[in-house]
Amino acid sequence: DQQVKQNSPSLSVQEGRISILNCDYTNSMFDYFLWYKKYPAEGPTFLISISSIKDKNEDGRFTVFLNKSAKHLSLHIVPSQPGDSAVYFCAAYKAAGNKLTFGGGTRVLVKP
Amino acid sequence: SAVISQKPSRDICQRGTSLTIQCQVDSQVTMMFWYRQQPGQSLTLIATANQGSEATYESGFVIDKFPISRPNLTFSTLTVSNLSPEDSSIYLCSVGGYEQYFGPGTRLTVT
Chain A
1 DQQVKQNSPS LSVQEGRISI LNCDYTNSMF DYFLWYKKYP AEGPTFLISI SSIKDKNEDG
61 RFTVFLNKSA KHLSLHIVPS QPGDSAVYFC AAYKAAGNKL TFGGGTRVLV KP
Chain B
1 SAVISQKPSR DICQRGTSLT IQCQVDSQVT MMFWYRQQPG QSLTLIATAN QGSEATYESG
61 FVIDKFPISR PNLTFSTLTV SNLSPEDSSI YLCSVGGYEQ YFGPGTRLTV T
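So the protein lines, in turn, are chains A and B.
Going left to right, the first sequence walks through residues 1 to 112 as this note's numbering numbers them.
Going left to right, the second sequence walks through residues 1 to 111 as this note's numbering numbers them.
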């Protein structure tokens, strides 16, 4: 039962352009949604989160949009930089149980 | 955010043996989490470790295979027992609430 899905395993984007990463979920009881970035040989690094009662949260170059009716969220990175090349994981949090559920990840390559 | 270290960073083990992974946090935390990331896969929660009580295991993970210790509020260990090649993964510990902070991971290869 895959509750959090990232349907695009990879994304290639030119430096300076926008990267859009997508994530779908099935459980409407999640309280928060988060994005993590992971470089090889490192643990995931928290990027940005959004409460289930919001529809947008922005932090610098990163913006997360939440569409509850579609059970869909997206991460926009603009402008994309070569240092953004990493694997990005979408995650959903349920306060009851204090549990994070991760999507499969999207590998982003930003070309100079 | 918390600073989390893990030991070892990587290991190669023979099948049938065990590996114990240590996780150290620079501040006292109530809950610590252990995850597994199999090759090319996402992160899967193994168990949640509270100090002074038994760990809570997720479906598909059992204490005999993945015993966990939590002797104090800054430290935990995960043992992967009776190793098989299928246990080759990255094992990560984390702390936090909805914003969890992860250690660097332990890459285990079983031959």
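Don't read these hints as lab results, they were simulated from the structure.
Hints may be right or wrong, so weigh each one.
As the list claims (entries may be wrong) - Below 25 Å or equal to it, Euclidean Cα-Cα: the simulated DMTMM-like pairs (lysine to aspartate or glutamate) are:
1) K68(A) / E42(A)
2) K7(B) / E42(A)
3) K54(A) / E99(B)
4) K99(A) / E54(B)
5) K71(A) / E42(A)
Check your understanding: Which of the stated hints cannot be reconciled with the structure, identified by number in ascending sequence?
Key -> Numbers 1 and 5 - these are the hints that the structure violates, sorted from lowest upward.
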